[in-house]
Amino acid sequence: MSGETETEMRKCTILSSMIDNRYRAEIPEIVDLVASSCSDRNCFDHLDAAVIPSREAMIEIIDLLRDVLFPGYFGDQTVDRSVLPYHIGNEITILFEKLSKQISNSIIHDCDRYEENCTECLEQGQEETIIFLKKIPEIRSLLASDIIAAYEGDPAAKSHDEIIFSYPGIFAMTVYRSAHELHKQGISIIPRIMTEHAHSVVGIDIHPGARIGKGFFIDHGTGVVIGETCEIGDNVRVYQGVTLGSLSFPKDETGQIIRGQKRHPTIEDDVIIYSNATILGGDTTIGARSVIGGNVWLTKSVPPDTKVIIAEPDLIFKEKH
Amino acid sequence: MSGETETEMRKCTILSSMIDNRYRAEIPEIVDLVASSCSDRNCFDHLDAAVIPSREAMIEIIDLLRDVLFPGYFGDQTVDRSVLPYHIGNEITILFEKLSKQISNSIIHDCDRYEENCTECLEQGQEETIIFLKKIPEIRSLLASDIIAAYEGDPAAKSHDEIIFSYPGIFAMTVYRSAHELHKQGISIIPRIMTEHAHSVVGIDIHPGARIGKGFFIDHGTGVVIGETCEIGDNVRVYQGVTLGSLSFPKDETGQIIRGQKRHPTIEDDVIIYSNATILGGDTTIGARSVIGGNVWLTKSVPPDTKVIIAEPDLIFKEKH
Amino acid sequence: MSGETETEMRKCTILSSMIDNRYRAEIPEIVDLVASSCSDRNCFDHLDAAVIPSREAMIEIIDLLRDVLFPGYFGDQTVDRSVLPYHIGNEITILFEKLSKQISNSIIHDCDRYEENCTECLEQGQEETIIFLKKIPEIRSLLASDIIAAYEGDPAAKSHDEIIFSYPGIFAMTVYRSAHELHKQGISIIPRIMTEHAHSVVGIDIHPGARIGKGFFIDHGTGVVIGETCEIGDNVRVYQGVTLGSLSFPKDETGQIIRGQKRHPTIEDDVIIYSNATILGGDTTIGARSVIGGNVWLTKSVPPDTKVIIAEPDLIFKEKH
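Protein chains in written order, with our numbering: chain L, 3 to 323; chain Z, 3 to 323; chain B, 3 to 323.
Chain L with its partners taken away, still in its complex shape (with noise of 0.2 Å):
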């Protein structure tokens, strides 16, 4: 080995951890710059808050429900009946700590930013988590109506298990129905991550809010939104893109707009939505049995037992050049 090869290397070295040095340097400089901006309204900061509602903690929250609502498809061992009790009453503890704590958290964030130990608070959310869990079975057999929903509307379908395992509407409804009691017990903030989360995974948007019926099913999703105050019947079927949404929201005086109105459609029983149709406003009412056809864009009601279908675009077929 020569040693030009190993005086070439050391200067290399001293090169390289000079540059590093002169960049570093900088740091200090960067992070007051950083740290001192954040003290107005250029910067919407959370500092000195008691509580972050986690994000992360109510994923594993969802998962954990979705195993207490479908018991045994989704835990990495299998379940036998005869042991059930134990397997559900292991989760329901787990769950009762983890979701309490979250509802604690969400309450102490909107009582007072600042105080950590409210010991009401943390009582009060140990009590809706009871509220809660007592609607498991309810949730659970609402979810049935959607699965047998998804079986008898989808002629892909090849089993009652395919769906629970595979497909994204039953999913994000796992979701929005839990996510819906709680945000009918008054939970601020939590029930608004859970359907955000379950928005980013599937792609499906509904506000927890929204009141949806029995045998609800939504196919491959992707696109749809379901928006606050929408009142949805039983056995309505939803497909890819369709939005419930909102017409122009009136302002007040001051020119904020006001909030807590019926700002989306109602949607009578058995109603069928096709893809990337979108129905707007609070006084929309899509009658019972109706049908509504793909890309139609409805702002009007529309009577029980209609078919609305898009005019046939005139298309123009031309040879290309």
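These are calculated hints, taken from the structure and not from any lab test. Small disclaimer: the values here were computed from a predicted structure and weren't measured. Careful: at least some of the hints might be erroneous.
Said to hold, decoys possible - Quick list of simulated restraints, FRET-style, between CB atoms:
no. : chain 1 : residue 1 : chain 2 : residue 2 : range
1   : B       : 305       : Z       : 61        : 27 to 37 Å
2   : B       : 113       : L       : 249       : 27 to 37 Å
3   : Z       : 255       : L       : 249       : 41 to 51 Å
4   : B       : 113       : L       : 264       : 57 to 67 Å
5   : B       : 113       : L       : 31        : 22 to 32 Å
6   : L       : 84        : B       : 80        : 40 to 50 Å
7   : Z       : 213       : L       : 136       : 29 to 39 Å
8   : B       : 95        : L       : 84        : 32 to 42 Å
9   : B       : 113       : Z       : 87        : 21 to 31 Å
10  : B       : 250       : L       : 113       : 55 to 65 Å
11  : L       : 313       : B       : 79        : 55 to 65 Å
12  : B       : 305       : L       : 61        : 45 to 55 Å
Here a beta-carbon is modelled for each residue, glycine too, at the ideal position from N, C-alpha and C.
We have chain L; now place chains Z and B onto it with these hints.
Showing chains Z and B alone in chain L's frame:
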């Protein structure tokens, strides 16, 4: 430190543990409720089942497959050409273990939900895995044609590398082309779990049963739906939101929908379908070299060499009030 | 325990291991097939490359960046204002290490796929990282304007906190605004990996090259596509499924598509574009304060202060049979 504060703190702890016990005491009743309610049509369970096809395992398998299909792109270490056989050897061995387990599970799941030690099922799982692994060069060659099509079809593409590293359509096709081969072998559940994983990651929903020729390019891709019985030729290009779906499907005398018929369109070679176009029906054929414009809604066949564009809508231009 | 069962079990084990060996024996042949087939246009490989830009590392960097941009919202611990400089200091230091490594890798990847120890590349990577980190206050200020726009534009938004914790549009903009700065610095591959990660998480596809003013709000967002050469003014609002895309693009004499031209529209200040509207072409300009209705398909410019809505389709109301 005053004695008062200490007393207060103790009071608080006692209070807090009392609350805790009060709500915690309700857990057994809830467990009983949740476990016992799982015994009718209101609950889908997978209890006493010997096997659980695992989504997590399939995601690991997809990652391994991607590394074998595109050597050196996705691992956490660089791969030299000289050690490639060892690298591939290692990955194929792991793939064989993991994939044959999942395929066997899927076969056992189908053959009889309750028999864990079906030797024939295990054997068949390994045989099907070997058959699949031998198809890797063919799958790789098809994917290479897809990457070339992406580079030729997208002015924003800076390099083949950028396409492989980041394009969602290539990820969807990697998963679909692998799942499709398993689907052709008659493996159930697993292919759909694979494509629904891709659907979740990139918003592109391709049923593993669809047949797609070489050089297929999906740009942007969110919202694309390609149904189970689609037949797509070579060098077809498709943009975001395109649906190749089914019209309403026939039911038998008992009111059950009929499964397994061709319900989705045929797209011939060299066709381009722009964003949010919808083409429906098993008898609908788009002739070779045709171009389907954005937002077009088609339920009828189109001859070769045709441009189909939606008639210009009557846009209403008016001064805003 | 009868001897018979034992014998049977042994038989079973022997049989099972025979099967195992039979299929396992085929692995070397498959490895050979897979490794040797990777030597032509049928296989894209990244072998012998010194560096691999890492999607996983970029995701970690995005999470760190988000915590620096919104202090106290996303960490797993609460942050007091008094310790903010230490918190930020720690995160900026880690960001410098991780990001400069990725940027250097990207520069090495471009400069010469095979030279690992290019000192200049390492130096340039660190320099570019310092330049980027100094822009954090500016990025944060733009994001604050986006959050305010979301609160003012969405009646369902309950608080700024809810928007930061859960709105997909804010996540997309956080990633885009960071990636755009790296893109402006001429860093390749990494910005696109970043925005494709956001695309995957929230279904919103913004090319890092697009230029977007302050106060930009994307509601719901799934399916939104904003192309590379878009120019968007201040206070623009956009809903799910909106495409700002290109018309068919010109090719040069050799049939290669021409890259780098303005192919995407210009949107002036205070424009609103409703769901699933599509606006195409590099010469298309939407004038200030205009409103583009849902499902509109536009390839022509629109003057300022204009409302463009699709003509009401001839809906066909008929009794269902």
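Here is how each hint holds up against the structure:
| no. | hint | result |
| --- | --- | --- |
| 1 | B:305 <-> Z:61: 27 to 37 Å | 51 Å, violated |
| 2 | B:113 <-> L:249: 27 to 37 Å | 54 Å, violated |
| 3 | Z:255 <-> L:249: 41 to 51 Å | 44 Å, holds |
| 4 | B:113 <-> L:264: 57 to 67 Å | 60 Å, holds |
| 5 | B:113 <-> L:31: 22 to 32 Å | 29 Å, holds |
| 6 | L:84 <-> B:80: 40 to 50 Å | 45 Å, holds |
| 7 | Z:213 <-> L:136: 29 to 39 Å | 49 Å, violated |
| 8 | B:95 <-> L:84: 32 to 42 Å | 55 Å, violated |
| 9 | B:113 <-> Z:87: 21 to 31 Å | 30 Å, holds |
| 10 | B:250 <-> L:113: 55 to 65 Å | 57 Å, holds |
| 11 | L:313 <-> B:79: 55 to 65 Å | 59 Å, holds |
| 12 | B:305 <-> L:61: 45 to 55 Å | 47 Å, holds |
In summary, the structure is inconsistent with hints 1, 2, 7, 8 from the numbered list given earlier, while agreeing with the others.
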